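Asks: Next come the chains, spelled out residue by residue.
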Amino acid sequence: MIPLIAYIAAAALLLASALLLIFRGRNQATLRSDSEREINLRFLENPGLDLAERIFDPADFCWLRDELKFPEQATVLALQRKEMALLWLRCLRASFNELVRIPQSAGTSSENDSESSGWATTFYTLRFQFLLAYAMMVVWLFGPYTRIAPSFNFLRPILSRGTHKQRFGLRV
Amino acid sequence: MGFVQFTLAVLGLGLEAALILRARQGRYLSHFPFFYSYLSYVFVWTIFTLMFFYFMPQLYPYVYWFSYSMMLLAEFAVLFELSDHIFRPYPGIRRLGQLLTGAVCLAFLLVYIIPALWRHQPSSIAFFELEKRTSLTKVVLIIVLLLVARSFRISFSRNISGMMLGFAIYLAASIANVALAEGLGRARYATIFSLVSPLAYFLALSIWTAALWRYEPVLPNQGNFSRGGDNFSEPLSVQLGRYSSELSRRFRR
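Taken in order, these protein sequences are the chains called A and B. Under the working numbering, the residue at position 107 of the first sequence is numbered 107, and the numbers go up by one with no gaps. Converting from the second sequence to the working numbering requires adding 1000 to each position, the first position being numbered 1.
Treat each hint with caution, since some may be false.
As the list claims (entries may be wrong) - Here are the computed distance ranges between Cβ atoms for each label pair: (1) A:E53 / B:A1077: 22 to 30 Å; (2) B:W1213 / A:F123: 19 to 27 Å; (3) A:F23 / B:Q1121: 34 to 42 Å.
Said to hold, decoys possible - Partial selection, computed: residues in chain A whose CB lies under 10 Å from chain B: (4) I22; (5) L64; (6) L92.
Calculated from the structure, these hints are not laboratory results. Bear in mind the structure is a predicted one, so any value in this text is a computation, not a measurement. From the three backbone atoms N, C-alpha and C, an ideal C-beta is built for every residue, glycine too.
If we strip away everything but chain B, and leave its shape as in the complex, we get (with noise of 0.2 Å):
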């Protein structure tokens, strides 16, 4: 580990605790659980791998690429959260985030990822394999639900946008690094590769500094109208049932 990767630990560390504290201090901690778990676990284990890598050099790549496949699998839960929270105060789409969440990442599991796995290959290169493929998963289903919200012309807030944008850098980079890294050979391109992603993950965290440091509640587009006028009292349910049927009535004359 140099200089410039020890830096990028601590000022993380700083940047991962100063969030959570602000967070903790504002009370919005409950309202991004997976997110602050994410962090909390991510601030602990840099910890524990920095006191690994000074007093059990010989430890240290067990406990890191132990941490690093949980924090992997942990990005999946925060992107989840993320899903629900965009789509959350709308009531007829409310489960469209979860839904599409669950259809992209199990589309992905199946055809892109566990097949990548099942290849006889040494452990090392299986791990970047499942790296590289969980980003590419992981940015894929952003773009899918920022379609979708764009779609449905639904806005965010400036958490909700902050977060997405850091994953994004985030995710990008490491996919670009980690093809880099194998197209180029590891040996060659290692000293660059070990500065990439921790460059971009404290960029994300800026990123999420500057979205999380004041919490902004999603503000629907609220006015002062009613749902289809006559309507009024019909739960939205029924009314997009109605509509749909009626619908697929008229296109079947």
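Bound conformation, chain A alone (with noise of 0.2 Å):
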């Protein structure tokens, strides 16, 4: 019976959900303005690029906390910096989004659209996506401050350890 049920919630879930995505998708289109768009679409470029290097820098964060030996405030700013890094983060998905919608024939030329038609941008896409998913799990999780891509300086040690031989003073 439990298989039965179960089955049987499957259905009407995935059907009101099919619909409710569904009508919501249809709606989609007038939501957002050109205006609206186009400032998205300024978010790509280097000021919105270089505002990251102002919400992510621990400078301040530190200088509050070692220097003037403030580690409340230092706490109240870590947090509004991770609000802010976290809206950072979703204005750049919002705008990546607008790029990749950007329809065919705005603006390139047919040589572009048929070159980036391919497997590599969807590749390019989908890379964005992950690394930025990932990024806002973290940044939620530990604050603006963490470094968000696992540094493998450990690895380098063992790297350039070089042969047996070499490591041991012997010539190779």
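With the hints as a guide, bring both chains together as one complex.
Replies: Here it is in structure tokens:
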């Protein structure tokens, strides 16, 4: 009886989700104006990307905590920066999606289009989305001053050890 | 086959013929080749099965189940086509529909469908299992496609929405119907079982007829803006790759 109920519930749930998503998808285009899209796209240019340097830079936080000795204020600053970092990441995703959504006919030559229509663009899009989702998770869990991409510096000594003979001072 | 089933089959034939003729008249058959091939297939096989039912009833079950199992497979091809149509106008994610369809189908095939077929069980039960599991796979695929499209804020045309909606209703009804037949016992549930599937298919056909009566091309959100301002002439793949690398570089600091 449990599989029966589970299957019927799954069918009902899936149908309800499909209905909801289809009706929302029909009205998606009316949500944004051209100027909004333009602003979104401008976010991907250097000023938008440079903003991240300031948000993710821990210098202010360290100065407040270590030099001025205000650890509480430093914590408040870190929390505010965390919100800003998450907002910045969400804006970046929206801007990137806007770029991805630009249709074929809006300003590219046919040569460029054929080149960009392949799997490479899909790969870049997916890589960007995964990276962004991971970054949002890390910022949300550990704050904006955590190193987002893990460092592989600990591998450096192992990789640069050379051959067995070199390590023991023997001639190769 | 009762009166209701026969009536539904005849009405279904009428709607299928209307859909195909309308698309032929409007010259948009080629826009959805798999979908119209699927409809033509169902149309032809419905006539065949009706003929077998009245003139060679001993062969009817074999013909019916053969055509039905082919239909189950053909539906995957239609969903593949639909997934392609959703993302096709956007060069940056043009292949995403194909990728998602392939990934979902392969994952469900390996983890969910094939293990059920390996079990020792009578062929009729195995067929029910196959129908239930393939239908669930298709509905999950529809949900995944819709969710991903929503995350990119992609809007659907009337044609695509109608086709998705029709399939979702028909497949969800199939899952519930087969689950009920297995749970309550096929003998006890036989009368309702033989009604639900044709009824759900007829409902789906009605939705498809309304949605595909007129061809509505997908109109991506066009605006008077360039791609990333100064990078107007840069191919999209280069831009996407650059942003992706830039993000990785910044996060590695």
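Asks: All the hints need checking, so say for each whether the structure fits it.
Replies: These are the hints, each one checked on the structure:
1. A:E53 / B:A1077: 22 to 30 Å: violated (49 Å)
2. B:W1213 / A:F123: 19 to 27 Å: Hint violated: Cβ distance 38 Å, outside 19 to 27 Å.
3. A:F23 / B:Q1121: 34 to 42 Å: Hint holds: Cβ distance 40 Å, inside 34 to 42 Å.
4. I22: Status holds, d = 5 Å.
5. L64: Violated: closest Cβ of chain B sits about 21 Å from L64 (chain A), beyond 10 Å.
6. L92: With Cβ-Cβ at 8 Å, under 10 Å, it holds.
When the structure is compared with the earlier hints, violations turn up for hints 1, 2 and 5 and for no others.
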